[in-house]
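Student: Since the structure of chain A is provided, determine the placement of chain B on it from the hints.
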Amino acid sequence: MDELRKSFHHDIEDVRTELVHMAAFVTEAIPRATAVLLNGDLEGADQIINGDDEIDARALELEDQCIQILALQAPVAGDLRQIVAALKMVAEVERSADLVCNICKAARLIYGHSLDPTLRGIITRMGEQAQQLYIAAIESFVENDAAKAAAIDDMDNYLDALQKQFVQAIFESHAAGRIDLQVAVQLAVVARFYERIGDHAVNIGERVRFVVTGWLPEHRGAARFRSRADDSTEMPRPPIPGNSD
Amino acid sequence: MSIATSTPTITATEPASDTHVVMVASNLEVHYGDQCAVRNVNLTIREHEITAFIGPSGCGKSTVLRCFNRMNDLISGARVSGLLTYHGIDLYGPEVNAAQVRRRIGMVFQKPNPFPKSIYDNVAFGPRLAGIKKRAELDAIVESSLRGAALWDEVKSRLQTSGLGLSGGQQQRLCIARAIAVEPEVVLMDEPCSALDPIATARIEDLMHEMKSRYTIVIVTHNMQQAARVSDRTAFFTSESAASSEQVKNDRRTGVLVEFGRTQRMFSNPSDERTEQYITGRFG
Chain A
142 MDELRKSFHH DIEDVRTELV HMAAFVTEAI PRATAVLLNG DLEGADQIIN
192 GDDEIDARAL ELEDQCIQIL ALQAPVAGDL RQIVAALKMV AEVERSADLV
242 CNICKAARLI YGHSLDPTLR GIITRMGEQA QQLYIAAIES FVENDAAKAA
292 AIDDMDNYLD ALQKQFVQAI FESHAAGRID LQVAVQLAVV ARFYERIGDH
342 AVNIGERVRF VVTGWLPEHR GAARFRSRAD DSTEMPRPPI PGNSD
Chain B
4 MSIATSTPTI TATEPASDTH VVMVASNLEV HYGDQCAVRN VNLTIREHEI
54 TAFIGPSGCG KSTVLRCFNR MNDLISGARV SGLLTYHGID LYGPEVNAAQ
104 VRRRIGMVFQ KPNPFPKSIY DNVAFGPRLA GIKKRAELDA IVESSLRGAA
154 LWDEVKSRLQ TSGLGLSGGQ QQRLCIARAI AVEPEVVLMD EPCSALDPIA
204 TARIEDLMHE MKSRYTIVIV THNMQQAARV SDRTAFFTSE SAASSEQVKN
254 DRRTGVLVEF GRTQRMFSNP SDERTEQYIT GRFG
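First to last, the protein sequences are chains A and B. Per this note's numbering, the first sequence starts with residue 142, numbered consecutively. Per this note's numbering, the second sequence starts with residue 4, numbered consecutively.
The hints are all genuine.
Per the computed footprint, the stretches of chain B lying under chain A, defined by three or more beta-carbons under 8 Å from a beta-carbon of chain A, are:
#: 1; region: 217-231
#: 2; region: 270-277
Cross-link-like lysine to any residue pairs, in silico, SDA-like; alpha carbons within 20 Å at most:
#: 3; chain 1: A; residue 1: LYS147; chain 2: B; residue 2: PHE286
#: 4; chain 1: A; residue 1: LYS229; chain 2: B; residue 2: SER271
#: 5; chain 1: A; residue 1: LYS147; chain 2: B; residue 2: GLU279
#: 6; chain 1: A; residue 1: LYS147; chain 2: B; residue 2: ARG285
#: 7; chain 1: A; residue 1: LYS147; chain 2: B; residue 2: GLY284
#: 8; chain 1: A; residue 1: LYS229; chain 2: A; residue 2: ILE208
#: 9; chain 1: A; residue 1: LYS229; chain 2: B; residue 2: ASN272
#: 10; chain 1: A; residue 1: LYS147; chain 2: B; residue 2: ASN226
#: 11; chain 1: A; residue 1: LYS147; chain 2: B; residue 2: GLU276
#: 12; chain 1: A; residue 1: LYS289; chain 2: A; residue 2: ILE276
#: 13; chain 1: B; residue 1: LYS114; chain 2: B; residue 2: GLY171
#: 14; chain 1: A; residue 1: LYS147; chain 2: B; residue 2: GLN280
#: 15; chain 1: B; residue 1: LYS114; chain 2: B; residue 2: ASP193
#: 16; chain 1: A; residue 1: LYS147; chain 2: B; residue 2: ARG277
#: 17; chain 1: A; residue 1: LYS246; chain 2: A; residue 2: GLY192
#: 18; chain 1: B; residue 1: LYS159; chain 2: B; residue 2: SER121
#: 19; chain 1: A; residue 1: LYS305; chain 2: A; residue 2: GLN327
#: 20; chain 1: A; residue 1: LYS147; chain 2: B; residue 2: GLN228
#: 21; chain 1: B; residue 1: LYS114; chain 2: B; residue 2: LEU77
#: 22; chain 1: A; residue 1: LYS147; chain 2: B; residue 2: PRO59
Hints are computed from structural coordinates only; laboratory data are not their basis. Cβ atoms here follow ideal geometry from the backbone N, Cα and C, with glycine treated the same way.
So here's chain B without its partners, still in its complex pose:
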């Protein structure tokens, strides 16, 4: 499936030999109106890996995540510059269809947000939009998606009941099932466990490990231990004083990517002093 409405003419920016690269951000920068929210983001998302974004509030990590499936398009005044590629194609290129992008790159949000519909219809929603009408086909997708989200055994006998009747953790897994029902390649998760209790959180974390073999995952989390537990690579963002005097006057700060590397190294021997200070809790 192509993400472009027409055949893309842009050639791959990644070396052909590195087939494991899914997304690349090069000097990515996001402005909201005249304010620079985050700048100078350079990182690579590799397939079948979990990449975690960590950092204090206001450092731009969720903003960057939202760029990855063009959710920032829906925010008025948001402007993305720099280059963000998906398999070598500029995601913000003129021929790229944002809706197609979101089918390939799904998203799960902080607060579980099932539709006020049955469990079945929640999961079948995306496939139906994509034109799948046959009941048998939809049944198969619903089952495989709910299995993929480790929810099938808990809900298989009540698929026609409301998704809102599930517990918070189950609702979040329903949202994951809904996201994977359209067979995305990448699943973005914006603090998916922050509204969940520890058991539900552990379930989602286990699920992420299982999902890794089929999907590429990018997660924003405030829980550093969660990033350490689940991710292969970690990106640490922080915010620093804006360069322009106008922004300083308004006490505006800009997010920057400080360090990006293998999670094991980031949490045992980070290179940048700011990463060390943040993850050891010496500033906040």
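Looking at chain A on its own, in the form it has when it is part of the complex:
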């Protein structure tokens, strides 16, 4: 039969396309920020930081587009999940772009300090892994691939492990007198930025799973919470020691 509501479905496609473009912008900015950090490229840092205004503007516009679709088209089922997920995902992408900027701001703070090869090597790997996570998130979204989206969570474990490894390397470098305390603290914060970018990619993957299946991994935790709440109504909790009430 003929497809109906073509213009509405075209609007949803527009939202998806713009979301992919914004996420691609972040994906490309991650290695650029890593290069800024490793090379002390202040000009490159300025470019990325200034570019964030564009991402903020596009995020607002995309959010507005989603709200208009909700208000005017009353989407349901798969269409509804697309729009609700897009509203959530755009926030993840926008925040990831902020974190990329933060890496560049940290690069400015430690400008002029040299980093030893171990630290440089782990920074490179963290940047590459964060980018891989983002690439997987975009691909799973474009292909509506719930299995690929679910794999992002496991990919993120590697980034988490790199972060821990990096913090250990910072301690060692500082103890050996190769970096001072301020640089050590900044580097620890940078590691956190990469790790958070990975978390946002994981969140995008979760939203992709929601779009495809209507299910979110948080449902598991919510079920555990409800089950605990049910248990606690059946059995009174033991009194807290020292609490006279």
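Tutor: Chain B alone, transformed into the frame defined by chain A:
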């Protein structure tokens, strides 16, 4: 009140524990002459819930609704097979009186159809047929029915004027008042708002929410957003090519129930691809 002329001998088909079940359709099938209008309908209507039937034109949703109070009996050539129970009693059983069925299971139609009588007489019509003659008793029924249909405040000062003088939305609420005046348990509504403007539609939808605490409602609607707004459960029907070559030759299609479930799930994450395609407007 029993719907049977004699004491029904049929035992309940629903488990005794599920006291919230009002009606059950099992493999319900309706033929008009040699054509199968709708087949394989299996669903349960639960008390104090609003169940919505949605689907494209010709999918059999109104046909199924009409089975629920035996309105199809009035259409020559209509034949109902399968099982349709009301509190466990086969509605099409030989001992069941169709008129009694329609007292327990009332109906409101697409086009408001008040009798060419006064507002009062429209509402009192059913109770009078049931033998109520005392004025005070009729007054009380008319008032409570008009209140139940959220119309009392608008018409209490002109009860003796013609029902046809009311606006379309008021006429439809008058028809609802007329339907509930005989104290049915179930109210069937066949596209009750399709002839009404948005304000009158919103009034009827609000009214349905209020009526839910006293009645069980089944509504056929072409407006999917209305189904989403008002109903607890939604049944999606569609039509598919008939199996017999004779029917295919005549381009006849048969209605089928595709999916039945909680409205919230049906409109956020339907199980069947055909439901998804229809409610998102990808086919029509």
